[in-house]
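Q: Residue numbers (this note's numbering), protein chains in the order written: chain A, 2 to 472; chain B, 2 to 472.
Wrong hints could be hidden among the right ones.
[Stated by the list, open to error] Sample of chain A residues lacking proximity to chain B, with all beta carbon distances greater than 10 Å (derived):
id, residue
1, Gly100
2, Glu125
3, Ala138
4, Ala219
5, Glu378
6, Trp382
7, Pro387
[Said to hold, decoys possible] Across the chosen pairs, the derived CB separations fall in these ranges:
id, chain 1, residue 1, chain 2, residue 2, range
8, B, Asp280, A, Ser193, 34 to 42 Å
9, B, Asp280, A, Ala194, 35 to 43 Å
10, A, Ser193, B, Glu330, 26 to 34 Å
11, B, Ala166, A, Arg327, 56 to 64 Å
In case anyone wonders, no lab produced these hints; they're calculated from the structure.
For glycine and all other residues, C-beta sits at the position ideal for the given N, C-alpha and C.
2 protein chains.
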Amino acid sequence: MTPDEFRQAGAEVVEWIARYMEQAGDYPVLSTVDPGEVRANLPPSPPRWPEPFADVLADMDRVVMPGITHWQSPDFFAFFPANASGPSILGELLSAGLGVQGMLWATSPACTELETHVLDWMVELCGLPDRFGSDGAGGGVIQDSASSALLVALLAARERAGGAAVLGRLRAYTSSHAHSSVEKGARIAGLSAEQLTMVGVGPDYAMDATALGMVMDADRAAGLIPFFVAATAGTTSSNAFDPVADIAAVAATHGAWVHVDGAMSGSAAVAPEFRFVNDGLDRVDSYCFNPHKWLFTNFDCDCFFVADRQALIDALSILPEYLRNRATESGAVIDYRDWQIPLGRRFRALKLWFVLRHYGVEGLRHHVREHVALSQEFAGWVEASPQFVLAAPTPLNLVSFRHRGGDAVNEAIRDRLNESGELYLTHTVLDGHVTLRMSIGALATQREHVERAWRRIEVVARSLAGSDPTL
Amino acid sequence: MTPDEFRQAGAEVVEWIARYMEQAGDYPVLSTVDPGEVRANLPPSPPRWPEPFADVLADMDRVVMPGITHWQSPDFFAFFPANASGPSILGELLSAGLGVQGMLWATSPACTELETHVLDWMVELCGLPDRFGSDGAGGGVIQDSASSALLVALLAARERAGGAAVLGRLRAYTSSHAHSSVEKGARIAGLSAEQLTMVGVGPDYAMDATALGMVMDADRAAGLIPFFVAATAGTTSSNAFDPVADIAAVAATHGAWVHVDGAMSGSAAVAPEFRFVNDGLDRVDSYCFNPHKWLFTNFDCDCFFVADRQALIDALSILPEYLRNRATESGAVIDYRDWQIPLGRRFRALKLWFVLRHYGVEGLRHHVREHVALSQEFAGWVEASPQFVLAAPTPLNLVSFRHRGGDAVNEAIRDRLNESGELYLTHTVLDGHVTLRMSIGALATQREHVERAWRRIEVVARSLAGSDPTL
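Please construct the entire structure, taking both the sequences and the accompanying hints into account.
A: Here it is, written out as structure tokens:
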């Protein structure tokens, strides 16, 4: 593709995306295709000869769009948001256009230095502890996801505790409400299911730090090595906040590494009034949160911070001859390949930099505050409703609620809403009860969308109740 | 950013990239900044208020570009190429614009189905064994890198062999010339250094399959469990091809999983005359190669294929309540989150689809053939030169060569060339000797660039020899 052909095709794609931004709310939010339907519209073999770009773009509409679930829709309330703002899309585009590899400082110094710099900005922006800044012993790096951040933290902790030589005696801890990435990470790192204890939670689904202390003490007494605690600042299930300071105090008596996953809620800290999400972080070893969820930066962009970067590098560094270079050997630079699982890496700092500059600190605060206010309003409607109850506190922008009619009714409400195409929400199970999750954080979502969603939920619930005289 | 603002800013970014495509060869290939120089041009704090997009784009030129090492330059001959073609850049842009999460089929069916379909196309395009197609027990998936592909293969093998319960008795094998990702993957998976044997190589730096068989037999006799062999089809150091068929035969007697890393050279198989790169793949458990290296698709895009997808899913699947959905429970769909380390995933199949359609099979063959022909010509110049010798065979597009003057001279040649900004190449060590690597695979590279590089190499070598009377 020549530069001029790229100019032409690029203009068409930019226009396609701009139209999509205008129309994302017009599609059924949850794709309605059946399994195999997308593939059925694709030829069985790759084309032998080049095809015009216009044909490819036409197939975006014909083949791909029916199979898209619209995460950018203003009516997307499922899981957690995955925002792709204009500036972040353009940062991603520039990253692809430059096509540099950031595995070593030398392979593109700007890719490394802008990342270090922007991660230091994030420390200031979110009011994180100084220990996570790059001017001390710590530092930040962009990971693809909170799953990978958890894994590298776990690996650093494992090596610090003695590594493979003591692997069978290691014990890790998390809460029964933690994200599945903890279980997956532990398994990847070679721990058996018995080596990861799921500590119980209190009435608000936050980890019971006293119970944690008891099980860690018992394990230590049994000759085991408590080495790692994964806490959560805002669980996926119900947005519960583990008592990080208490957990850190308990873990400190065992020399265990504490990692905090603030994937969703960490972004709230851009607004000073929500900095309770950072409670206790000044005492933990590592922390992450995802601008690709609630800070308007398209996936993938997880900000991972570590208090002792050497522990991370010790766990992940291997230097073959073909990667040796003067800058690395000088010790004056960061080689981010030693801070992550893969070797190669994209220039992901660009999109985060673009977002920070486009919105500014006050712009980011504005959007986060708006989402929290809408969520609080929604929670108020739930509380005032005779049909529904809140199932958990609403500290930020996730409302956990359920219909009084029981699991089958809640599942029916969820399915009917999602099949309507008018909105998309998902569920969890709290205390054995199916619970609806209303997650409000898409950039396009306005008050009208939240209000309409609540009206639809009420109407669907009443229609189901109407067909069942016991409700 | 409104859709109209996006139209305007998008047009500017497209123009910026088109100009970069035109001018990539005008920059010093290897960035000349000193450590800290990029950061010194950035303000210490994030901006409080929004900044105009024009200012951000101006800083791309002012701050970022001096710190870029130009992987898209026609004079980039270092490491391996990382091609970003026009269609792939636009596929990445569309992926960012749609902003969907492909973790589950249900979260965007097209994201999963297009990926499965395009990976099946790759099986046909590259003449890979049918066992890697999705219509049998196997299938393909896009990973971020060959490092991650190696890791998931190793984890599947580990679980198939008994998992954490037998971890200390497991033994893995690779060659002493394998990529560092094998050592890193084994460490991540909880194996000690002793649990990964580096098997010796023959004169062409390919794994000695007989030696492999002997060490596997000895380990088995010692009560250990040989469970995994990582072979390479085209090593990073010298482009050596391990004897995969022989390795697979040896491994089969132990029931060990064989993974083949064809990261760089696998793309050659688009041309039927280069399908020796696939030798033996019909007997292995998993295989990967990187379109983000030599198939004109911007990073990240590693195609990973597995013969028994259930083994992979068994190793990596964890299903929490909040991810349960009807499509998953029907068993009729693929959820790619169970095929990889992270949970979230971008719509990476789009860029590969765009590349395949833009170039067509014949277009891809054309470029690969051209790079191989240029490399063969370069190797001929080395052979004909009194100053230089070939250090290894040149099966495809990597020329390993060295000056007869010894390590210090070769290092000086490399440094002087790289500091000149006129080209960029890197080195390896073969049989204890510093060896220069000329890797020819950037899309922009034409015969004139290769010819000029060789002239520069000769001139620099002569000038160094001139300053040293012993040469």
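Q: Please go over all the hints and tell whether each is borne out by the structure.
A: How the hints compare with the structure:
1. Gly100: violated, 3 Å
2. Glu125: violated, 6 Å
3. Ala138: Its Cβ never comes within 10 Å of chain B, the nearest being 18 Å, so this holds.
4. Ala219: holds, 21 Å
5. Glu378: holds, 24 Å
6. Trp382: holds, 23 Å
7. Pro387: Pro387/A is indeed farther than 10 Å from all Cβ atoms of chain B, at 27 Å.
8. Asp280/B to Ser193/A: 34 to 42 Å: holds, 38 Å
9. Asp280/B to Ala194/A: 35 to 43 Å: holds, 40 Å
10. Ser193/A to Glu330/B: 26 to 34 Å: holds, 27 Å
11. Ala166/B to Arg327/A: 56 to 64 Å: violated, 46 Å
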